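Chain by chain, the residues:
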Amino acid sequence: MAQRTVAVVDYGMGNLRSVSQAVMHVAAGEGVEVIVTQRPEDVRAAERVVLPGQGAMRDCMRELADSGLKAAVLEAAASKPLMGVCVGMQMLLDHSEEQDTPGLGLIPGRVKRFALEGQTQPDGSRYKVPQMGWNQVWQSAGARGVHPMWAGVPDGAWFYFVHSYFADPSDVNHTAGQTEYGQRFTCAVARDNIFATQFHPEKSAEQGLALYRNFLHWTP
Amino acid sequence: MLAKRIIPCLDVTGGRVVKGVNFVELRDAGDPVEIAARYNDQGADELTFLDITATSDGRDVILHIIEAVASQVFIPLTVGGGVRVVDDVRRLLNAGADKVSFNSAAVANPQVIRDASDKYGAQCIVVAIDAKRRQGEDLAARGEGWDVYTHGGRKNTGLDAVAWARQMAEFGAGEILLTSMDRDGTKSGFDLALTRAVSDAIPVPVIASGGVGNLQHLVDGVQQGGADAVLAASIFHYGEYTVGQAKALMAQAGVPVRV
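Residue numbers (UniProt numbering), protein chains in the order written: chain A, 1 to 220; chain B, 1 to 259.
These aren't lab readings, by the way, just hints derived from the structure by calculation. One or more of the hints may lead you astray.
Said to hold, decoys possible - Label pairs and their computed distance ranges (CB to CB):
1) ALA141(B) to GLY156(A): 31 to 39 angstroms
2) GLY30(B) to ALA141(A): 42 to 50 angstroms
3) ARG154(B) to SER170(A): 57 to 65 angstroms
4) GLN216(B) to GLU75(A): 22 to 30 angstroms
5) GLU75(A) to GLY153(B): 55 to 63 angstroms
6) GLY213(B) to ARG44(A): 55 to 63 angstroms
7) GLN245(B) to VAL146(A): 44 to 52 angstroms
8) SER188(B) to ALA65(A): 51 to 59 angstroms
9) ASP138(B) to GLY68(A): 43 to 51 angstroms
10) GLN224(B) to PRO220(A): 27 to 35 angstroms
11) VAL146(A) to GLY158(B): 32 to 40 angstroms
12) ASP66(A) to ASP138(B): 50 to 58 angstroms
13) SER170(A) to GLU67(B): 40 to 48 angstroms
14) ASN94(B) to ASP155(A): 31 to 39 angstroms
The structure displayed is predicted, hence computed values, not measured ones. Where is the CB? At the ideal position from N, CA and C, for every residue including glycine.
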């Protein structure tokens, strides 16, 4: 039987070490191989795909195209479990306000910027953008209950965020989780075999590792 | 709601965690990986490693420490101390750091903050400011306020700390790590006036540092100082308090914390 593999897509945008370390940490002992790869054929051959992303979305979209990995990522998005993280989530939508950038169009909707400067938080301190730090994630219950990727993760669990932009899916059924920062925004999206988060599971201690562990076993 | 963060700080030299009083008198406090794992178990929101190695030959030790910690501890890691050029950022991020903190080098060459922020994003660029209340001739000449010191607190730059923080945020610092040199190691609490002045002046988060002696000081740093995060070293290293105890008191006082 072929070795089960998870491909972490390396299209040249920043540092993938923390994502790959966290996935490797949970994959150890489960017989799952984790590869960080720049090769489309590795993405095609993998059982599951993680799409990270950091920096500006325009740079990420350009690098994804220039690296030759875009087609393989789109094929994965149509055929096997795919997990997006941070800008790797934002790229799944149609469009981002950040430098007026088109996305991959896999989740209908747009990516918007927080407009919170000058406003104060419930405790009286002012909102800062980017949102940086730990915030609670409220799991969205669809027609079939909460998403299986949340298995074992308590509703309202804390995850680590660093971002100025957030996803605004046009179909409420694609929202898998929400967080409060000046407004309630979508912090996790899901559609068919795609699940993606704005927050960083790889920096969210045990609850983040639980998400990656669930991803290894998820059968959409 | 976004939680206020508690950040244990590990001063590292020669591969060990140490803690000084007023920037001198180092005491050994243990193995960095063990300490990092213990703080993670206690619920620390983030960890800061400060490489206080004075000589350049010891520099690569910090890379190995960060690699070792990052493979076992899955919370954000900040590294500072001896960071001079944009390539230092690359090396530390590759080793597993999430944020890199500049101090003296930002004063010597402010452009490095612009360059590092453009290249790697503001979210991973921290500027550390060591500030000391003006006294004597400086006070008489320039009025009340705080000056920025560099080189481990030995050199007064003559820069005003609030104006410097504002400039660094404009240059692309994603966060300011603000240490009161007057309070550091004294256990008498943060300089709350300094913390408040900087926090009110800039749009990016402020980490208060220097002077924590008990858990109420952490609450005061947030509620009176307006800090987004509080950093402490000795109260945690020597087992006086756990991070969990700190969070319990902060929650009781109405500060949003991750529990």
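Do the hints match the structure? See the list:
At about 54 angstroms, the beta-carbon gap between ALA141(B) and GLY156(A) misses the expected band of 31 to 39 angstroms. Restraint check, GLY30(B) to ALA141(A): a C-beta distance of roughly 46 angstroms satisfies the suggested window 42 to 50 angstroms. Distance hint check for ARG154(B) and SER170(A): the Cβ-Cβ separation is about 58 angstroms, which falls inside the suggested range of 57 to 65 angstroms. At roughly 57 angstroms, the beta carbons of GLN216(B) and GLU75(A) sit outside the given window of 22 to 30 angstroms.
Between GLU75(A) and GLY153(B) the beta carbons are some 57 angstroms apart, a value that agrees with the proposed interval 55 to 63 angstroms. A hinted range of 55 to 63 angstroms holds for the C-beta pair GLY213(B) and ARG44(A), which are about 58 angstroms apart. Judged by the Cβ atoms, the range 44 to 52 angstroms given for GLN245(B) and VAL146(A) is violated: they are separated by roughly 33 angstroms. For SER188(B) and ALA65(A), the hinted distance range of 51 to 59 angstroms is satisfied, since their beta carbons lie about 57 angstroms from each other.
Checked against the hint of 43 to 51 angstroms, the C-beta distance between ASP138(B) and GLY68(A) comes to roughly 59 angstroms, which is inconsistent with it. The hinted range of 27 to 35 angstroms is not satisfied by GLN224(B) and PRO220(A), whose Cβ atoms lie roughly 50 angstroms apart. Separation of VAL146(A) from GLY158(B) is about 57 angstroms and departs from the stated range, judged on CB atoms against 32 to 40 angstroms. Look at ASP66(A) against ASP138(B): about 53 angstroms separates their beta carbons, and that is inside 50 to 58 angstroms.
At about 43 angstroms, the beta-carbon gap between SER170(A) and GLU67(B) stays in the expected band of 40 to 48 angstroms. At roughly 36 angstroms, the beta carbons of ASN94(B) and ASP155(A) sit within the given window of 31 to 39 angstroms.
Against the hints set out earlier in the document, violations occur for numbers 1, 4, 7, 9, 10 and 11.
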